Every structure is written in structure tokens, then in C-alpha cells.
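Add chain B to chain A, keeping to what the hints say.
Taken in order, these protein sequences are the chains called A and B. 1 is the number of the first residue of the first sequence in the numbering used here; add one for each residue after it. 1001 is the number of the first residue of the second sequence in the numbering used here; add one for each residue after it.
Honestly, the hints are just simulated from the structure, not real lab data. On a predicted model such as this, the values are computed, not experimentally measured, just so you know. Worth double-checking, as some hints may not be accurate.
Unchecked claim - Cross-link-like lysine to aspartate or glutamate pairs, in silico, DMTMM-like; alpha carbons within 20 Å at most:
id, chain 1, residue 1, chain 2, residue 2
1, A, Lys41, B, Glu1045
2, A, Lys36, B, Glu1005
3, A, Lys41, B, Glu1003
What the hints assert, rightly or not - Facing chain B, from chain A, some residues (calculated, C-beta under 10 Å):
id, residue
4, Tyr33
5, Lys40
6, Pro42
7, Phe75
8, Arg109
We put the beta carbon where it would ideally sit given N, CA and C, even for glycine.
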Amino acid sequence: ETGVTQTPRHLVMGMTNKKSLKCEQHLGHNAMYWYKQSAKKPLELMFVYNFKEQTENNSVPSRFSPECPNSSHLFLHLHTLQPEDSALYLCASSQASGSYEQYFGPGTRLTVT
Amino acid sequence: QKEVEQDPGPLSVPEGAIVSLNCTYSNSAFQYFMWYRQYSRKGPELLMYTYSSGNKEDGRFTAQVDKSSKYISLFIRDSQPSDSATYLCAMSNYGQNFVFGPGTRLSVLP
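Pulled out of the complex, with its shape left as it was, chain A reads as follows (with noise of 0.2 Å):
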């Protein structure tokens, strides 16, 4: 595997499900982020990591909670979700937090009914 992988592509859940979404890098860096992608907006950030670390949560609300158990594992828990939260999530890493750089995985296509 190369790059940035996430998995799984694709996931309808119900809005009292609990599911997670997995992102992994290989590219050796140490910033991992979630991005939400929603039609016609731009690409939001909610969550920064560097060095296993949170840096930034852009007010993202409870029901998405991260995990980052070490540089190349980023997971996001999902709990109780709404149909507005249907989206393509984006996992990106880069070398560094901040990095102008940043490598995108193909995304998690998540429908909430």
C-alpha cells in the first residue's frame, strides 16, 4: 500500500448507529487531518494531529470524536449522527502540521438516513 489509504469507501448508517471511519498513511509523516467534503462548499477542516497530537478542532460538534493512536493511524468514531453530517470525509497527511503540502486519501463516501 502506498500513499494515503482510508477505508471503508463507502457507508450508509442509521442515525443511532455507531460506525468508524479508518485512514492510514505510509508516506512516513507526522500531521494527519479529517476533512468533511460537501457539495458545492469547500472542503472544511475539523480535525488537525501532529506527532499523535490534537493540534486543531474547528468546532467540530461531539458526535465525531478522533482518534490517533500514533503518526500513521487516524480514526474518526461516529455516533448519533444527522442527515446533514452525509458527506465525503477526507483523511490528509503531511510532513508537518501546517504543511502547504498535504496528501489526500480517497475518501469515505458516509450517507446518514
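Same frame as chain A, now just chain B:
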């Protein structure tokens, strides 16, 4: 006023045309300006970056930054059907405030 504005398109051009994609921004502190390309069902990939004002050329692609006007552009020469994608501008003041535009969807017709 939105921090970064970008015409969402879609923009359709014939193969071989010169394409001009643009973004305007409001934060004068931005120093790094990036263009990402996103193909359907893929994540964005960095195409070009520019530091501060000026031009940068890479093959068929030219990025321009005019900080006095808070305006950046990406030009694609001799456009190809494989250039069909969504183009996202992004900017930052390094280490802080990394912001993307909403993207312009480009279709290059054979």
C-alpha cells in the same frame, strides 16, 4: 464576505483551449497559494504551489498570484480531456489557517 471565493462552474471547453481558473481571497496574511486537482471519486492532489506573489510554470500549467488584488489564477494550456476534474485553490500563512476554495468543475471536451 467568504474567506476564499471561486466560481464553481461547471466550465466546459474544447480540447486544446487555454483554461483560466481563478480565486479571490480576503485575508492579506496568506503567503502560500496552492492549486489542487480532484478527479471524480478521488481525493485532491497537489498540482502547484506558489509562495507570495509572482508566476510559476510547470509544463502546461501556470500559477499566478497577485497579492495586491488578492487574486490567484491557474492557466492550463493545450487542455486535454484528462484535465477534466475539479480544481481547488487553497491558501495558508503556513502553520495556521489553511483554507480551501469550493472548487471549479472543469470539463475538457474531445
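Evaluation of the provided hints:
{"no.": "1", "hint": "A:Lys41 x B:Glu1045", "verdict": "18 Å, holds"}
{"no.": "2", "hint": "A:Lys36 x B:Glu1005", "verdict": "18 Å, holds"}
{"no.": "3", "hint": "A:Lys41 x B:Glu1003", "verdict": "12 Å, holds"}
{"no.": "4", "hint": "Tyr33", "verdict": "9 Å, holds"}
{"no.": "5", "hint": "Lys40", "verdict": "6 Å, holds"}
{"no.": "6", "hint": "Pro42", "verdict": "5 Å, holds"}
{"no.": "7", "hint": "Phe75", "verdict": "17 Å, violated"}
{"no.": "8", "hint": "Arg109", "verdict": "8 Å, holds"}
Going down the numbered hints, you'll see the structure goes against just number 7.
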